[in-house]
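Please build the complete structure, drawing on both the sequences and the hints.
So the protein lines, in turn, are chains A and R.
When the letters of the first sequence are read in order and numbered with my numbering, they come out as residues 55 to 550.
When the letters of the second sequence are read in order and numbered with my numbering, they come out as residues 257 to 748.
Since the hints were derived computationally from the structure, they do not count as laboratory data.
Since this is a predicted model, take the numbers as computed values, not measurements.
We put the beta carbon where it would ideally sit given N, CA and C, even for glycine.
Some hints here could point you the wrong way.
FRET-style restraints, in silico, Cβ to Cβ [unchecked claim]:
id, chain 1, residue 1, chain 2, residue 2, range
1, R, ARG360, A, SER535, 47 to 53 Å
2, R, ILE297, A, HIS548, 51 to 57 Å
3, A, GLN547, R, ILE263, 37 to 43 Å
4, A, PRO428, R, LEU663, 52 to 58 Å
5, A, HIS548, R, GLU664, 56 to 62 Å
6, A, TYR532, R, GLU621, 56 to 62 Å
7, R, PHE722, A, ARG411, 33 to 39 Å
The calculated lysine to aspartate or glutamate pairs, modelled on DMTMM-like cross-linking and capped at a C-alpha distance of 20 Å, are [to be verified]:
id, chain 1, residue 1, chain 2, residue 2
8, A, LYS82, A, GLU195
9, A, LYS421, R, ASP413
10, A, LYS426, A, GLU416
11, A, LYS163, A, GLU83
12, R, LYS616, R, GLU415
13, R, LYS414, A, GLU488
14, R, LYS264, R, GLU322
15, A, LYS81, A, GLU158
16, A, LYS81, A, GLU162
17, A, LYS163, A, ASP248
18, R, LYS616, R, ASP363
19, A, LYS154, A, GLU510
20, R, LYS699, R, ASP557
21, R, LYS699, R, GLU621
22, R, LYS414, A, ASP418
23, A, LYS426, R, ASP413
24, R, LYS422, A, GLU510
25, A, LYS421, R, ASP557
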Amino acid sequence: MMEHYPAFIVIVPFLFAFVVSGVAWIKKELCFPLTLVGLGLSAWFSVCLLRQVATTGVLKYRMGGWETPWGIGYHVDYLNGLVVTVVTVLAFINLIATRKNVTEETPEKEGAFYSLYLLFIVGLTGILLTGDLFNLYVLLEVASLTSYALIGMGSGRAPMSALNYLFVGTVGGCFYLLGVGYLYIMTGSLNMADVATLLPKLYNSNAIVMAFIFCMVGASIKMAFFPLHMWLPNAYGFAPTAAGSLIAPLMTKVMVYVLIRLILTVFSVDFAFVVMKMGDPMVWMSSLAIVAGAVFALSQKNLKRMFCYIIVSEIGYMMGGAWLGNNAGMTGAILHILNDAIMTLCLFLCAGSIYYRTHGLELDRLKGLFLKMPVTMACFVASALSIIGVPPTCGFFSKWYLISGGLQAGQYGFVAALLFSSLVNVVLFFRVIEISYYGDFETHHGHGSSPAVVMESPASMLVPLLIVSIGLVVVGLYTGSIVNHLIAPILMQHGF
Amino acid sequence: METILSIKPLIAVLVSICVVPLLVLSKKANVREGWTFAAAIVKLLLVLSMLPVILKGNQIVYTLAEVVPGVAIRFRVDALGMLFACVAASLWIITSAYSIGYMRGLDEHSQTRYYVFFALALSATIGVAFSANLLTLYLFYEMLSLATYPLVTHHQDKEARTSGRKYLTYILGTSIGLVLPAMMVCYHLTGTLEFASQGFLAGACNRGLAAVLLVFFIFGFAKAGIMPFHGWLPAAMVAPTPVSALLHAVAVVKVGVFSIVRIITGVFGTELLSEFNLGVVICTIASVTIIVASLIALSQDNLKRMLAFSTIGQLSYIILGVGLLSPKGITGGMLHIAMHAFGKITLFFCAGAIFVATGKRNISEMVGIGRRMPWTMGAFFVGSLSIIGLPPTGGFLSKWYLVLGTLEANQMTFLFVLLSSSLLNAAYFMPVVYRAFFPPPEKAMFENKIQEAPLFCVGPPVITAFISVALFFYPEPFFRLASMAVRFIGGN
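Here's what the structure looks like:
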């Protein structure tokens with residue numbers, strides 16, 4: 055039983071996806087609980103897997119008993135063990151929190167929605183766990199196709215943005231596939247570990263260089279790395295609430311994981327930094343991404359679109375950290391995968407909760423919201439502080455590692471970009487806080503108790519939201535153990 | 257010196273955070289204020305219970321979590337931190353009483369929010385006082401900035417919004433833009449951020465880098481109101497007066513000054529600074545602020561704004577004293593943290609009491625007010641004596657030591673700065689008092705009938721004025737703590 059956990063994480067939601075879409079024809083009310091069970095099991099297995107990895111180190115699983123490199127192997131170490139746990143647990147929390155949004159925004163389509171939801175998780179967990187380059191492509195497409203469909207279920211401009219995302223995303227997928235094809239031609243293998251042992255002799259080959267570049271471009275498109283981010287704001291901004299808060303925190307972070315995995319395991323640190331000398335230009339690009347994301351976010355009038363550009367900026371954090379080429383930078387990047395997933399989820403859940411009551415996220419609709427929705431807004435402030443990087447929230451500590459890595463590498467431009475984005479984030483969030491803190495000046499009177507019209511969201515939304523916001527601080531305080539026990543070993547293994 | 261492990265500092269910090277749910281859930285105003293008092297008293301008792309241990313020359317340490325290699329969220333109670341914590345915790349109780357009088361007297365809205373954030377701000381203040389390293393200090397420093405935003409903007413009108421923006425821009429802008437990078441560079445250079453008796457930067461940086469870092473830190477902790485980053489302080493005077501009193505005369509601004517003192521003594525170390533000859537830089541920056549702020553204060557008509565500028569000047573006394581890097585100067589600077597707190601809070605309380613009783617904010621409208629509010633104006637007189645530095649008030653002692661410090665360091669320029677600032681202080685305070693009590697009969701604006709503000713408004717300034725006088729005769733606890741802190745810097 056225990057040795058099959060890696061497979062269960064992927065297969066259980068897969069099976070439940072079919073059950074859910076079938077059950078939807080018979081009894082709609084059953085869709086949600088079934089999804090809950092499927093995802094809950096997957097999350098539970100992930101947590102168990104992480105604990106197992108923590109005791110035994112690396113875990114290898116052969117699909118169907120076929121020996122690698124012929125069969126598909128799942129390869130679990132601290133890195134994907136950590137990220138898969140984050141993905142499944144956050145998806146589970148999001149599922150509970152956004153139930154009411156789903157019934158409200160996509161009525162009659164719950165069956166389809168929930169089965170797509172599960173299939174999306176199948177794609178993400180598969181990408182994370184697999185040790186096979188082509189299998190990764192297949193699951194990447196599973197995740198992408200389901201996310202196009204999920205986004206397209208929204209109203210208004212959502213189908214159009216989903217189509218746009220589909221075009222760009224397919225191009226990104228093709229780049230990755232091409233890269234894998236080149237690798238296969240040169241090495242004759244698709245297994246990551248196997249390719250890694252075959253590659254060092256081929257470092258001078260132009261085909262390998264192209265393979266590397268194609269894979270990087272493919273991953274960059276899928277993670278919306280500036281200037282390849284154009285699809286993201288519309289796609290995530292117009293998506294239905296539940297889909298947005300599922301895809302936005304997870305998809306881009308999983309793609310960052312893919313990039314880090316390719317650098318660490320497949321192409322090796324030597325190739326990426328010494329042979330290709332990609333470090334400096336990529337850090338500069340990342341700094342540009344950080345600044346551009348922050349500036350674009352400033353010009354947004356809609357809360358969710360503002361968050362989307364913040365994601366673009368945060369992707370720059372992680373890319374920059376990964377390409378700094380030192381321990382602190384890579385630690386920061388990996389830590390930020392975890393932290394940013396939690397922060398972004400918290401932001402999108404707040405947006406969902408606000409949208410549930412206001413039916414609009416334009417900034418001027420948020421007037422006086424602190425009185426109306428105190429709990430939601432408190433959580434919003436918590437996630438805002440984390441994005442700004444105020445201790446002891448987790449966002450501060452990944453920023454700490456990133457800045458520290460930047461100083462060690464002498465990349466002062468990157469450090470300046472990080473500080474700049476922190477300052478812009480202060481402006482961004484305090485603008486929102488200001489709007490929702492002050493009511494109308496005309497009707498305002500400062501004396502006596504004004505009757506507070508509390509119209510807070512239902513508990514099913516607030517409790518998950520509160521858990522995530524408390525998580526921001528708890529994860530922050532446990533940064534030391536996370537880094538020492540999970541991130542340091544994996545980096546040591548790969549020569550950092 | 258012994259190091260004692262104890263969870264007390266953490267509890268002392270958390271007491272006022274833990275009381276927040278109780279404040280929110282209290283149905284009646286009296287119950288709510290009861291909880292505030294309970295938390296304030298428990299906090300003070302906890303702080304005082306650590307006092308004997310500290311006075312014996314020991315330190316109390318508690319580590320919460322090691323967050324990054326070599327740096328933990330850690331509390332360490334030493335003499336300097338104890339001095340500041342005592343001042344903040346004891347004045348919270350008095351301010352709570354005053355808050356009741358003021359907020360109820362004016363029938364302010366959102367009082368629950370007010371008490372909640374007040375409690376959070378106090379937690380942050382004590383946290384800063386007990387921080388063992390720069391990271392912990394930064395954590396609580398930021399917490400204080402955020403907790404005070406709703407207090408500063410309490411009125412929620414356009415003026416409050418403008419001031420709130422200014423407040424955050426100055427405070428967060430400098431802490432993220434200047435302190436954070438400087439702190440990261442320190443960590444990068446040495447791998448630690450732990451305050452040490454002679455700093456931890458010695459041998460890790462050259463004179464140029466040290467000077468840049470020092471300037472980053474001094475301007476970065478903008479709560480200290482060093483010019484040109486002082487603009488938030490007069491703006492923040494839109495806050496209700498108890499907020500101005502405790503936060504902008506004691507907690508917030510003193511946290512800024514305290515942080516700079518920690519930087520000078522715990523990060524750089526006095527030996528390193530005098531080796532690099534950087535003490536003069538600190539003193540010069542502080543002197544400019546002292547003189548300019550006093551000159552601006554002369555021309556203010558709004559009483560609270562005048563007090564704000566007076567505060568800006570007085571804060572730089574502390575920095576000047578510590579920047580002299582001589583034992584007497586540092587003693588004087590540290591003492592001034594306590595002495596100025598009691599003096600200035602008295603003045604703010606009086607300004608608030610006048611506003612509650614008469615609705616007047618401007619000095620020009622207060623001619624003859626001493627006849628109507630003798631207790632308030634009496635307290636005002638004592639408070640201003642303390643700020644000017646005249647006996648028999650505590651302010652005299654700290655100024656005495658500051659002056660001795662300049663002589664010890666042989667810095668006649670700064671002696672001149674201190675003395676001329678005292679004259680300027682007298683020049684802007686004494687006319688207020690004089691006109692309040694001895695107006696030309698035809699210009700008196702108030703009837704010759706005693707009509708004070710509510711008891712909760714008048715009591716606190718009288719008490720703090722009394723303490724100011726008492727500190728002249730019995731400065732023992734603060735004086736001993738300050739001289740212990742100085743001895744600690746000296747290496748024993």
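Do the hints match the structure? See the list:
1. Taking 47 to 53 Å as the suggested C-beta distance range, the pair R/ARG360 and A/SER535 conforms, at roughly 48 Å.
2. For R/ILE297 paired with A/HIS548, a C-beta distance near 56 Å keeps the hint of 51 to 57 Å intact.
3. Restraint check, A/GLN547 to R/ILE263: a C-beta distance of roughly 38 Å satisfies the suggested window 37 to 43 Å.
4. With their beta carbons about 57 Å apart, A/PRO428 and R/LEU663 fall inside the hinted range of 52 to 58 Å.
5. A hinted range of 56 to 62 Å holds for the C-beta pair A/HIS548 and R/GLU664, which are about 58 Å apart.
6. The hinted window of 56 to 62 Å between A/TYR532 and R/GLU621 holds, with their beta carbons roughly 57 Å apart.
7. Remark: the range hint 33 to 39 Å for R/PHE722 to A/ARG411 is contradicted by a beta-carbon distance near 53 Å.
8. Distance hint between A/LYS82 and A/GLU195 is unfulfilled; the C-alpha atoms sit about 28 Å from each other, more than 20 Å.
9. Pair hint A/LYS421 plus R/ASP413 holds up; C-alpha atoms about 13 Å apart against a cutoff of 20 Å.
10. Annotation: proposed proximity of A/LYS426 to A/GLU416 holds, straight-line Cα distance about 16 Å (limit 20 Å).
11. Of the pairs offered as hints, the one joining A/LYS163 and A/GLU83 holds, with about 12 Å between alpha carbons and a cut-off of 20 Å not exceeded.
12. A C-alpha spacing of about 18 Å is found between R/LYS616 and R/GLU415, which places the hinted pair at or below 20 Å, so the restraint holds.
13. Our distance criterion of 20 Å between C-alpha atoms is met by R/LYS414 and A/GLU488, whose separation comes to about 11 Å.
14. For the suggested pair R/LYS264 and R/GLU322, the alpha carbons sit about 19 Å apart, so the restraint of at most 20 Å is met.
15. For the hint pairing A/LYS81 with A/GLU158, the CA-to-CA distance comes to about 18 Å; that is within 20 Å, so the pair holds.
16. A hinted pair counts as satisfied when its Cα atoms are at most 20 Å apart, and A/LYS81 with A/GLU162 qualifies at roughly 11 Å.
17. Between A/LYS163 and A/ASP248 the CA atoms are separated by roughly 44 Å; this puts the pair beyond 20 Å, and the hint is violated.
18. A distance of roughly 17 Å separates the Cα atoms of R/LYS616 and R/ASP363; the hinted pair therefore holds under the 20 Å criterion.
19. Taken as a hint, the A/LYS154 and A/GLU510 pair is honoured in the structure, with Cα atoms around 14 Å apart against an allowance of 20 Å.
20. Annotation: proposed proximity of R/LYS699 to R/ASP557 holds, straight-line Cα distance about 17 Å (limit 20 Å).
21. Under the criterion of a C-alpha separation no larger than 20 Å, the hint pairing R/LYS699 with R/GLU621 is consistent with the structure, at around 10 Å.
22. Restraint check: the Cα-Cα separation between R/LYS414 and A/ASP418 comes to about 16 Å, which is no more than 20 Å; the hinted pair holds.
23. At roughly 18 Å between alpha-carbon atoms, A/LYS426 and R/ASP413 fall within 20 Å of each other, so this suggested pair holds.
24. Note on R/LYS422 and A/GLU510: the hinted pairing is violated, with a Cα-Cα distance of about 31 Å set against a maximum of 20 Å.
25. Using a Cα cut-off of 20 Å, the hinted pair A/LYS421 and R/ASP557 is violated, with the two alpha carbons roughly 35 Å apart.
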